[in-house]
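Novice: Residue numbers (the working numbering), protein chains in the order written: chain H, 1 to 738; chain B, 1 to 738.
No lab work stands behind these hints: they were computed from the structure. For each residue, glycine too, the CB sits at the ideal point set by N, CA and C. Mixed in with the good hints there might be a few duds.
[Said to hold, decoys possible] Derived DSSO-like pairs: lysine-lysine, alpha-carbon spacing no greater than 27 Å straight-line: (1) H:256 / B:645; (2) B:157 / B:227; (3) B:149 / B:637; (4) B:157 / H:253; (5) H:637 / B:256; (6) B:637 / H:227; (7) B:149 / B:253; (8) H:637 / B:227; (9) B:253 / H:655; (10) H:256 / H:227; (11) B:552 / B:493; (12) H:645 / B:493; (13) B:69 / H:655; (14) H:645 / B:157; (15) H:69 / B:274; (16) H:274 / B:637; (17) B:655 / H:256; (18) H:68 / B:645; (19) H:655 / B:256.
[What the hints assert, rightly or not] These stretches of chain H come out as covered by chain B in the derived footprint (C-beta under 8 Å, 3 or more residues): (20) 74-86; (21) 719-726.
Protein chains: 2
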Amino acid sequence: MATNSEANALGYNLQVDYVVCYSFANVGRSQAVQQLEKLLRALSDAGLQTEIRQGDESSLLIFVRASKKRLRRAVYRSRVRDWLYGIRNAEPEPASAIEPQTEAERLRVISQMITLPIEEGGAGITPSHGEWEKVTAVFPLHDVETNRKWMKEWSKKTFLSDDDLDQIRNKFGESVGFYFSFLQSYFRFLAFPAIFGFSCWFFLGGYSIVYTIVNSLWCIIFVEYWKRQEQDLSCRWQTKGVSAVRTNRREFKPEKEVRDDSTGEMRGVFSATKRMQRQLLQIPFALLAAIALGVIIATCFAIEIFISELYSGPLKTYLIFIPTILVSALVPTMSAVLMSIATKLNDYENHETRDGYDVALTQKVFVINFITSYLPVFLTAFVYVPFASRIVPYLDVFRLTVRPFVSKEHASAKRSHFQIDPARLRNQVIYFTVTAQIVGFAMENIVPYVKQGAFRKYKAFNKKRNGRPGQNGDKESPERKPIIAYDDPIEEKEFLARVRNEVELSEYEVTDDLREMCIQFGYLALFSPVWPLVPVSFFVNNWVELRSDFFKICMEFRRPTPLRADTIGPWLDTLGFLSWVGSITSASLIYMFSGNSQHGPNGEPTDIAGWALLLTIFFSEHLYLLLRYAVETAMAKLEPPFSRKERAERYLVRKRYLDSTLRADAEDDHDEDDTVPISGPPGISRHSLEDDARRSSSHETDPAERFWMRQRGWEESVQIGAGIIEGQHDDGDGKKEQ
Amino acid sequence: MATNSEANALGYNLQVDYVVCYSFANVGRSQAVQQLEKLLRALSDAGLQTEIRQGDESSLLIFVRASKKRLRRAVYRSRVRDWLYGIRNAEPEPASAIEPQTEAERLRVISQMITLPIEEGGAGITPSHGEWEKVTAVFPLHDVETNRKWMKEWSKKTFLSDDDLDQIRNKFGESVGFYFSFLQSYFRFLAFPAIFGFSCWFFLGGYSIVYTIVNSLWCIIFVEYWKRQEQDLSCRWQTKGVSAVRTNRREFKPEKEVRDDSTGEMRGVFSATKRMQRQLLQIPFALLAAIALGVIIATCFAIEIFISELYSGPLKTYLIFIPTILVSALVPTMSAVLMSIATKLNDYENHETRDGYDVALTQKVFVINFITSYLPVFLTAFVYVPFASRIVPYLDVFRLTVRPFVSKEHASAKRSHFQIDPARLRNQVIYFTVTAQIVGFAMENIVPYVKQGAFRKYKAFNKKRNGRPGQNGDKESPERKPIIAYDDPIEEKEFLARVRNEVELSEYEVTDDLREMCIQFGYLALFSPVWPLVPVSFFVNNWVELRSDFFKICMEFRRPTPLRADTIGPWLDTLGFLSWVGSITSASLIYMFSGNSQHGPNGEPTDIAGWALLLTIFFSEHLYLLLRYAVETAMAKLEPPFSRKERAERYLVRKRYLDSTLRADAEDDHDEDDTVPISGPPGISRHSLEDDARRSSSHETDPAERFWMRQRGWEESVQIGAGIIEGQHDDGDGKKEQ
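Throw the hints in and build the complete structure from the sequences for me.
Specialist: Next up, the structure:
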């Protein structure tokens, strides 16, 4: 494994480990050179070899390669740290014998060599931050060959094997590995509800109780299964407990410097209560988000209902698109605004660690996503259907605006004929679980790719026309001398072109992909009883998703720096939360819509009794919690294979150590014994012995010593004991013989 | 500390560490002596000094003292094991320098020396089990002086100090220490609701919303606080993670022996799925318990209502006691039957570890306790009050039995006049939270003490009359020779008499006391809105409880063998569960009973709407869960002092190690460098350098080597970079100058 990855790492990309982009735009020449010198010296001091090539017109590409010896030492140091934090079981071998085990470890350690502070053995480069502001990017290069090979292979498979996942992890690190592993588990798990959902749809239609129960149970089992699976993976990838090793945020602003009493170091602190007070702002933020997005969505929803179901004036065919256009325009805009507020709030909370920051941001992002994704369906299910006949007349207010086109009678006639569209809910669910997924796929994969291609073509065209790459557009004057080809050596031309392309890509954030999957899971948990084909759609979608996400990482993003992880993080809680909320929504959907015969003349369910609905919810929720507890307990008792292996390893390490302690004891045993065993002469009588002891010790003052001197050695004790037993048995025997 | 405890351990009880009771009743003489020899040899081999004295007429007392050297080694071994399991941070000092830190550690280690298997360095004695069946007890002796002193001191204090708790822990071990710590925290926390409850009772009366909300919040905070406190204590007492070191149950019956692939050892396994199937029996068990106890309680309840509120015939004053007598007789009997079923079920589940067994048993015990403790109040609140007027007429069935005494008119007149007693619920809550606590206290502390005294007097009397202790009663004939005084040396008489008394006591189970407190907490969480003085009563009660429990341990039980613990175990979950259920019950109580004016003519609340009740419950419960989440999150961010200290220590250990690694690196730095930095001659031009490199390497086949040879050393890179920057800046400057 080691040699293989090593060979790989050396075999492609001309052995370049990392590319550091150094921009000298907007900086004076001498200052730029000075900075560059400092940068190269820092890299070299950290044990990194460098080569410089030209980037675009205002940047340099610094290619970095780690010296073998220094890399080995850095790997060793990283492993020692892991060992001390309990991530590794065994103490690592000495530095001289060590090799990075995987490409991901190699790249992660080199990234540490570049970014760790100098005191901790790195070069202290902090891209785009502080004194290294001009270092715009630090990233490894894609392994184009392998990526292409994998994409080809996977397109022919249904399920990725564990080996495939291991390989992803070896290339891209545990963090990306965890995402693909999750996606794969989720996809594999979807097979069951897909089949079951299809059967239910075929035989029972929508709103089937059986499907709902099975679906809820499936959600519980999946979430709990994934929790176990996560643990197992973290054992297998040796990252268990890695989240305990927290990296501090550079942006953290300490309130004051405090000398730590126990460690004796100065460290910045920020009072936890103060942060909590700031975090309370999340509540108004959540309210704001709910109101802002809620108003937009509800308004568009109302307009849509009005136009599609009440209005029948001219231009209806065109007007019908207004709400869709409005939603498509306003919701993303508002989301973006809210996102920027969320980010600001999160910055304001001033988290000390990266993990803390990410978790807090995830929570806020989730609030926004929850509203944008599920609110429309909630509105249809729990407002439109039960209350439409009462609310719709108020939509009349719009009539005023369109009155010129509608005759009064017409409108009122329409109104009295108003019928709730019972298929609306189903259509909406279908829209969100099929159409939106496809649109999302296109937006995520095809559009950026096309855009990229177009952009490059445009740039090339510009370059040809202007003789320069068209990045700082306006500043350039057309009469610049043409540098179409950089001053590259011919044999490196292709390579450098590829590197320059990769520099232009953006950075990959695994959390975005995770969010997408969690939101998808939410539709399944919350609304799939409406249309049991939801899991079928997702099953198909996720087959594509897995491959397209890989394609995306390879083609549309810079290769991510490998990060370690032992969990998918806060999204795990999100899954649990969604499946919980699902137990409430599905129960109420079933109660409200199952048995269509009960619907009134307006298509409205007539006999929804508040108490019965609430009782259904109460039972469903508590049944859910009970089942979850049972599944949790059961799962906790089934130990996954790698966890067991890990435990056995830990046990062995301990046993070896303890055995050696015991052996040391045994060897010591001979020269021991502060209680000298005296084997008393045979046939000695109890009284003579004890009297003897009593006599010899009666002069000592310590009663305890006298007590313990009565019987010297265990053999004497046996004799005394035997005496007592015999005395008693004599009595007993005597009695029996009587 | 060490010397102090050491001095203590040696200063009283004639330096006896443990007493081992060896019974030779019903065994042949030679066999008994043989067994005794084996026992003493085993003890001696394990490094324990022994002295034998007579016990009662068919047993021996074997006094055990650990040899200093062997004790030290055992302590060392135990600490190494702790270190390997991550319980201790620092590697322990070598065996020769080690001393047990506290009396509890000393006794715990000696207990291990006695009971651990021989392979693990103990004597392998398993009291009352297997080949050591005749060893009836192994226990340390009470420190009478200190116990008395503490009892005296504490009776003058309101709160125990942390030092007091530390001392309890040092004497009785962490398990008992945790109980007292919990009791103390709980008591201290009760001060607030006691004051607040009193004010609410005074100003607002029962069923106050304010009180209910505050009470619920208090429950959440207390449970979360205790979770943190537990962690803190486990850091302070160095037992964090001690539950990871599991002790196997001796009674575990493996299904088959399997060779463990990774450790290479044979070990017994029992399939987890099989155990889970067996655990499913818990469901019928819980149903059985609910039905059995429910029927008894409901019947007695019905009888009581009938007699007290319907019946007015003769003998009413006496008949009124019938239900009380029935409950007092039947419920404990049924509980005992259920307990024995629960124990059997638990044995059948065949747990591998003691912890697993205890947790499973606790769950079953809790089911029984929940029903016996809370069902009566539930019946009153949720059956009697809302439905009494509908149900009571059916109680008529009893009229048949008492008809002879009642005139028909009388009974029916009574029935039509039937009024729900609105005070019944309050009276019942008062009964359970005041009267029952006092009765419980008496049953727990005074009765056994009186009984013990009486039993001893009876024995002495018997002995005098028969000339023998009266234990195997019938067998004895009166003409036995009198052994009133055992054959004891005069100076040991008093001591041995005390030891013989302690042998007769039973073993202390800390879980019983914890259960009592949890059940008490349950009343507070579930029903205290009915009568806000509940916390006042508990506050007073628990002041006494803390002292009386200590008294109980000292006087009515053998001194417990110190056990380590890092939690109060499954009872913690129970607390959380009760406070959760409390959010439901209190909300419904408040909804149903607050505002007495709404009550109908029967004293029955008239306008209980199902949907409103359910909505109240729904909101209350989810508000509870939300608040709990918030409190949990907030608490998690406030690190208790000893946790911080522990973390700092761990950090220091790591840092020291890492620093040494880094230093080793630094020293290594000079003889390093596989990339030889060539400082090129000053003023060298970029092209000449690169050309040079190109020329020199063009013959090599490896393009990567050629790539990396272009710039040798970082100084060269700087020059190349500077060249590129200058080239670009020339353009830029040129442009600006244009």
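Novice: All hints, please: hold or fail.
Specialist: Comparing the hints with the structure gives:
no., hint, result
1, H:256 / B:645, "holds, 20 Å"
2, B:157 / B:227, "holds, 26 Å"
3, B:149 / B:637, "violated, 40 Å"
4, B:157 / H:253, "violated, 46 Å"
5, H:637 / B:256, "holds, 18 Å"
6, B:637 / H:227, "holds, 24 Å"
7, B:149 / B:253, "violated, 46 Å"
8, H:637 / B:227, "holds, 24 Å"
9, B:253 / H:655, "holds, 24 Å"
10, H:256 / H:227, "violated, 39 Å"
11, B:552 / B:493, "holds, 25 Å"
12, H:645 / B:493, "violated, 58 Å"
13, B:69 / H:655, "holds, 23 Å"
14, H:645 / B:157, "violated, 53 Å"
15, H:69 / B:274, "violated, 54 Å"
16, H:274 / B:637, "holds, 11 Å"
17, B:655 / H:256, "holds, 23 Å"
18, H:68 / B:645, "violated, 39 Å"
19, H:655 / B:256, "holds, 23 Å"
20, 74-86, "holds (count 7)"
21, 719-726, "holds (count 6)"
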